[in-house]
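> Sequence:
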Amino acid sequence: MGKAVPKAIKLRAENFIKLFPEKVSKDFAQNKKLLDSFKLPFSKTDRNLIAGFIVRKMAERST
Numbered sequence: 001m002g003k004a005v006p007k008a009i010k011l012r013a014e015n016f017i018k019l020f021p022e023k024v025s026k027d028f029a030q031n032k033k034l035l036d037s038f039k040l041p042f043s044k045t046d047r048n049l050i051a052g053f054i055v056r057k058m059a060e061r062s063t
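Going by the numbering used here, the sequence shown opens with residue 1, and the numbers climb by one from there.
Hint data in this document are derived by calculation from the structure and do not stem from the laboratory.
Hints are supplied without guarantee of correctness; some may be wrong.
Subject to a maximum C-alpha distance of 16 Å in a straight line, what follows is the list of computed EDC-like cross-link-like pairs (lysine to aspartate or glutamate) [unchecked claim]:
| # | residue 1 | residue 2 |
| --- | --- | --- |
| 1 | K33 | E22 |
| 2 | K18 | E60 |
| 3 | K26 | E14 |
| 4 | K10 | D46 |
| 5 | K23 | D36 |
| 6 | K33 | E60 |
| 7 | K3 | D46 |
| 8 | K33 | D46 |
| 9 | K10 | E60 |
| 10 | K32 | D46 |
| 11 | K57 | D27 |
| 12 | K7 | D46 |
Construct all of the structure, not just a fragment, from the sequences and the given hints.
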């Protein structure tokens, strides 16, 4: 069993995927840089969770 991801993190990640489908990727580090570039008030933990969830969703879409 994996970790549970909070609903707020899932919603934010899905919004980023909808708004910026050409910018998000399967690379965690690139997604972190993308989130940092928006200068949003995410904590380090939230930013990492969002970036990781984006990676997971992008991997699901490609298979």
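> A separate judgement is required for each hint: does it hold in the structure or not?
Against the structure, the hints:
1. Restraint check for K33 and E22: satisfied, since their Cα atoms lie roughly 14 Å apart, inside the 16 Å limit.
2. Simply put, K18 and E60 have alpha-carbon atoms about 15 Å apart, close enough for the 16 Å limit, and the pair holds.
3. Restraint check for K26 and E14: satisfied, since their Cα atoms lie roughly 14 Å apart, inside the 16 Å limit.
4. For the hint pairing K10 with D46, the CA-to-CA distance comes to about 11 Å; that is within 16 Å, so the pair holds.
5. With a CA separation close to 13 Å, the supplied pair K23 and D36 stays within the 16 Å bound.
6. Our distance criterion of 16 Å between C-alpha atoms is broken by K33 and E60, whose separation comes to about 21 Å.
7. For the suggested pair K3 and D46, the alpha carbons sit about 14 Å apart, so the restraint of at most 16 Å is met.
8. Proposed proximity of K33 and D46 is supported: the alpha carbons are some 13 Å apart, at most 16 Å.
9. At roughly 14 Å between alpha-carbon atoms, K10 and E60 fall within 16 Å of each other, so this suggested pair holds.
10. Among the hinted pairs, K32 with D46 is consistent with the structure: their alpha-carbon atoms are about 10 Å apart, no more than 16 Å.
11. For the proposed pair K57 and D27, the alpha carbon gap of about 12 Å is at most 16 Å, so the pair holds.
12. Among the hinted pairs, K7 with D46 is consistent with the structure: their alpha-carbon atoms are about 12 Å apart, no more than 16 Å.
Checked against the numbered hints above, the structure violates only hint 6.
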